[in-house]
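For the protein sequence lines, the chains are W and F, in the order given.
The numbering used here applies: residue 1 is where the first sequence begins, and numbers increase by one.
The numbering used here applies: residue 1 is where the second sequence begins, and numbers increase by one.
These aren't lab readings, by the way, just hints derived from the structure by calculation.
Watch out, some of these pointers could steer you wrong.
[Stated by the list, open to error] Keeping only pairs whose Cα atoms sit at most 20 Å apart, straight-line, the calculated DMTMM-like set for lysine to aspartate or glutamate is:
#1 F:216 with F:29
#2 F:136 with F:100
#3 F:136 with W:98
#4 F:139 with W:98
#5 W:60 with W:495
#6 F:139 with F:200
#7 F:137 with W:451
#8 F:136 with F:126
#9 F:137 with F:100
[To be verified] Negatives, chain F to chain W, calculated, CB over 12 Å:
#10 5
#11 82
#12 86
#13 150
#14 154
#15 218
#16 224
#17 243
#18 281
[Stated by the list, open to error] Partial chain W-side listing against chain F, Cβ under 10 Å, derived:
#19 24
#20 102
#21 195
#22 331
Using N, Cα and C, we set each Cβ at its ideal position, and we do this for glycine too.
Chain by chain, the residues run as shown.
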Amino acid sequence: MTTTVDRPPAAGASRTLPAGARSRRSTLALTAVESGRLLRHPAVLAATAVSVWLLWRWGKGTAPVLHYADIATQFALAALAGAALLATNLAVLRSHRDGAVDLYGATPLSLARRTLSHLLSVLPLVALGGILVVADLAWLAGMPGSVGTPHLAEAATGPALIALGGCVGVLLGRLARSVALAPLVLVALVLGSLTVAELQAAGHDQRPWTWLGTLLRAPPFDPPPAALLGRPATWHLVYLLGIGVALATLALWRSLAQERARRRAQVAAAIVLVAALAATAAAAVVQTRPTSSTLADRRLAVVTNPAAELVCQRRGPANYCVFAGFEPQIDLWEPTVRAVVAAVPPAAAARALPVTVAHRVGLHRLIDEEVNLGVQEGQGPSGPIVAPVGTAWGRDGPLFELAHARLAASVAARLVAPTRGDGEEPRWFPCNAQAVVALWLGGQASPQAAEGISQAVTDPYSELFVFSHDPVLDDPEWDVRAGRFALALLDRPRDQVTQTLWRNWDLVTAPETTIERLGEVLGIQPSSDTSNLGPGC
Amino acid sequence: MTAPAPTVLARNLTMTFGRTRALDDVSFELVPGVTGLLGPNGAGKTTLLRVLATVSAPDTGSVVSLGLDPRRTDMRLDLRGRLGYMPQEPGFHARFTAFEFVDYVAILKELHQRRARHEEVRRVLDLVGLGAVRRKKIKTLSGGMRRRVALAQALLGDPDLLILDEPTAGLDPEQRLRFRELVGRLGEGRTVLLSTHQTEDVFALCQQVMVLHLGKLRFAGTPLELAGLAQGHVWHSHERDPGALGAWRTGTGQHRNIGNPPAGADLLEPTLEDGYLLLLGGDRVEEVSA
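Chain F extracted, bound-state conformation (with noise of 0.2 Å):
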């Protein structure tokens, strides 16, 4: 079987605010099917997804995204009627309804035609089970639903490539459980990136996995290839381990300890969070965990 195609072709991107390198080289491939996109606050992600998204060029380097490079109008124009992007924070209209939103952001995305429109408008607003509500004003409706909402919005017209910056944040269990069925479906022949805190979600969902710390790329893989990461380098004790680069006491009493582990120490299987916290290093380690 020949692996699939790349669909965004990202060569040494690099982007600068002030003194603040926020890219630095980042080079990368996506292929269809869901990719996460692991790094702690600050690290550059919302940047990178916003150059993905065609909203800010970067200083250096360049992406092809589906075969169209943004640095062309034409191209750019294009593409970002191929996409779908769901930003962090989105910007509600709160006097708008959620079907007022949704139609005003289709039109942007140059759906003209009316009725076709509004149809599309109600599938995406039922496909992020908002059908219901979609007459409310958005002022009303509760922050996991204005996720759902801005979801909603990024899946208008079908898009090959789906950007997401942190849409699980504020969603409760159930509804995390079913954005991950929901994502999980559209993965299926489109590329979906999703930025995240969430190691579970990344584990849950994605078949790829990068991470970005400090505008550099550190780690670009498969999930279990991150958690094979920190194989041998988790142990657990009675006490925190003081040579450990970072530890936590767990729900049993026994403390988790990630780093490089005594002789005769009490290996554990890691996890995929193991391997994020220990590429991190251990500084990120004592604040991821905390």
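This is chain W alone, in the form it adopts within the complex (with noise of 0.2 Å):
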């Protein structure tokens, strides 16, 4: 130690502001340091590398429907969220935990711009959070095949979160001084998000209440159009807001109460929480108003009329009838196409096509389930019958591999049956040498279509299976035993077996052909198991 006592001239300068300027400037400098604390903490590094890398995995080798995957950066972001939520609580409790109480209350920077600066240290983790989903979506939106626009409301909810998380831990830090306190609530919410997210698997439009929650689970598989998702977007992120204004008020208030502030501070207080809860309070009703009719009717139009909400365009074989604004995805589906189409002989080929292929959503969970039913008991989809497929596109994954099998094999089945399904009964149920050849060229047509063949014969719900996550009427239904049998048929050399099949294309084709004798023109004994050939047999 040494003995020299200099007159700093940091401290006379500090003290020539006003108390309120040097009050308001501190609370910033506080909140600065705090910042950088709260981005290093070893909760936030862990959590921003799953949110992270959980953009990345569901981003990764996708067609993105970009008005789809705001919604997917809110459940990435969730992980931030939670950092945030613990985070801030122990940085709040870090003055009791290392019993530097009496020293920080011996400062002059009050208990409530402690409070202040701690609940402005989230920020900047609201803007890395921000940053996270711009640069997801601008990521997505370079991908060959994106579609759509990105909502707001939505891409600014996963940020949202975060500061909402981030006044959750502060107020929690204000109300009790327990570290063990904000894990436990994190864990409660964390189960309470899980619970209504199950709850909106039946259809979140019949349970508007689950609107209440914070995170929300997106809607089916196969995006629909924007409009047609009725998403109350921005009224959610207001009422989330809402509740992050209120909880921030609250531990504001709370610390005012405890340094026995002046009591125009706590009616100020009182004030910002009064509006905080009125908005909260109307966004929560706005928001869970049930759906309008007109969108109703929209939604109900696309399953029992698709035909005139789609635009189309003749690509080679094909006719593409899509949703307006969907049309980059042709351009993805035109290798399998092309590829099924190869795989018939010229001659047949020519008879069948052009082979409409069109965009088929099912909107099940968003119709009401009344309606529904009435169209289930009707004559289907108007319009001519169509090779389905679905708006979700990708090379890897499961779901993406079902999608790439339902195009391939439905384009397969208008070659090889063009005439099935113009009947009556809206869905074909192909079957016999028919449902083989058709699996069979479905599956040559791309690793992913045979995957995804794979995938729904080997682990079928019942003996007939469809490709569709969210399958519409239209949707054929397949056998199971044939598509095992074109399943052994996919691990013959390709050559051989085309050759095969074009030597006896009309015997093989023809509807009353039996499994049994195509495996006699193929010299391969298909399965002993005929007990249910299937509906459409």
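These two chains come separately, so use the hints to put the complex back together.
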């Protein structure tokens, strides 16, 4: 220790400012320090890694629909929201944990201002979440086949969740001095969110109150056009922000009360709290309103008369009908369609072409149950018989493989039996040799299609299977036995099978030709299980 | 020469925790310079320092420090900006470096300009001899170094009122010597209140001394006046005098007795410690001299 005691210039300079300005600047200085510590907190670093990994994992190899991808960012950022809750709580409780309450209590920066600093310190983490969302959506927008436009409110919901997590952490720290409380609250929130998400699985529009949760599950696998989603994203964002402001104000109010602050400040906090609660309540009411009849009618129209919602364009052997704005997806389907067509004898193909490939999305979870039943009892969607394809598309993953298989097998079915399905029965149940040939044609089109067929056949729900995650009424239902035989064929040399099929094309595609007969032609013994040949046979 | 104006005026301070009266109608004045606060454990020293540091408010009574009444919010915050407080247990954040910890407290003291604040942090760390280890995490520092970190934060912003609670606990003799030099210089023009068990620190440093016992202020005056209380009450003998309030065997092999000496006793010049022990009474003498 030295004994030279100099008068520091810093102290004097600081005191020349008015007390209010000094406190404000010190609050910001403390915010900067706490922000830095928050961003370096192990929980936040781990959660950032998890969020980045999830965004990369979910986006990699997909043909993204951006007005769906923005919803997925909310789930990815949930990890950061949890980390914000834990890390801010620990920061608020630092003085209690380390026994520095007396030391802090003797300093001029008030408890309320310290609380404000902790609340503001979450903002850089919120900004980090925003950067992740923007980077993710920009990355996805640059991918081949990317369609749609992100919704600002959906994209902002993930960062808002981080802010909310921070506010919960700060408030808990000001309400209780136990570090065990925040993890318990976090577990309760996670369990609550999972429960709400499960309830939503059967149809979130039928349970509008589930919007009172925080993290909301995305609707069906195949994204419908943005106009049909009907998510009250903006009001939900207002709802979340309202809760966040209310919690933050409660934390400030608590701090003001603890330090015997002026009544004026407490009254101001109370006014902000009431305003935040009012905004939250209003947003809660609006976002839980039932679906408008206009939207319900449009959704129903997509199921009953999808042709009216689609725009078509002819490319090569197919006529592609897609939702407006989804045209870039056609480029992704073309190789599969061409590969199927190329495996059919040209003369037979000429008789069947052009095939109509059309978007079909399952909106059952978005449509009221009673209306939905009415559709199933009717004649199904009007318009020409099509090869249905979903709006979700990608290279990797079981669901995307099923999407490949759905398109390839549906196109093959239209080539093998171009007239089936034109009658009164809207749903076609391919079976017999026709089904085997169609599935083989689909499976040989791409590795993903073959994998999708394998998935569906290996673990079928019943003796019939569909490739769609959310099947629509004109999705073919395939016979499992035919599928198993097709898989056996796919294991054989492709050229050899092609030659045999082409030589016997009329026979193997005749509706009455059995699988056993096809086996004789191909020299393969089919499975002896003939207990169910499918309703179409 | 006129007496310096008091910088701290405490009147009738009373504070109760349950059935324990930690402060019992305590009144005193502090003037610039170093004032020692002596008292056994549980005397109410820390409670008094917390009141002066505005950490807690007394049940009754008032304090005006540096002309500011902490009962008023604006004055309380202003006063906090002008005092330095070193609690008995500062509550270090072990994962912070020495620099980060003092810097954090500097922000709480509203030293908001980053560059100037960092200069100030370096200054106080140099002042307590920790400039070379400022980048080390506090958990890696020795107990003595931590006490110096605690002292460093109290010196931030050149406070007009410095309140130090047991600052020399855990310091080795050399560090204590340097600490005395530092506090002695700090006491020039400032008001320093130093709570301690070490009577030799008080004798070496303080112009004034107060003794607190069971929440009551038992003495306020100069160290010499406190020592003077024992004038004629300290004697030595070959055996422990049974009539003494307290006695202990010294290094010479003789016993030093405190109390009412017998006739013809070999009286000794009293020290500040003798006065303190006599003031506290025989029961305390046994305890403190043990």
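Taking the hints in turn, this is what the structure says about them:
{"no.": "1", "hint": "F:216 with F:29", "result": "holds (15 Å)"}
{"no.": "2", "hint": "F:136 with F:100", "result": "holds (10 Å)"}
{"no.": "3", "hint": "F:136 with W:98", "result": "holds (18 Å)"}
{"no.": "4", "hint": "F:139 with W:98", "result": "holds (12 Å)"}
{"no.": "5", "hint": "W:60 with W:495", "result": "violated (33 Å)"}
{"no.": "6", "hint": "F:139 with F:200", "result": "violated (30 Å)"}
{"no.": "7", "hint": "F:137 with W:451", "result": "violated (56 Å)"}
{"no.": "8", "hint": "F:136 with F:126", "result": "holds (14 Å)"}
{"no.": "9", "hint": "F:137 with F:100", "result": "holds (9 Å)"}
{"no.": "10", "hint": "5", "result": "holds (21 Å)"}
{"no.": "11", "hint": "82", "result": "violated (8 Å)"}
{"no.": "12", "hint": "86", "result": "violated (8 Å)"}
{"no.": "13", "hint": "150", "result": "violated (8 Å)"}
{"no.": "14", "hint": "154", "result": "violated (9 Å)"}
{"no.": "15", "hint": "218", "result": "holds (25 Å)"}
{"no.": "16", "hint": "224", "result": "holds (25 Å)"}
{"no.": "17", "hint": "243", "result": "holds (44 Å)"}
{"no.": "18", "hint": "281", "result": "holds (31 Å)"}
{"no.": "19", "hint": "24", "result": "holds (9 Å)"}
{"no.": "20", "hint": "102", "result": "holds (4 Å)"}
{"no.": "21", "hint": "195", "result": "violated (37 Å)"}
{"no.": "22", "hint": "331", "result": "violated (54 Å)"}
When each numbered hint is compared with the structure, violations occur for hints 5, 6, 7, 11, 12, 13, 14, 21 and 22.
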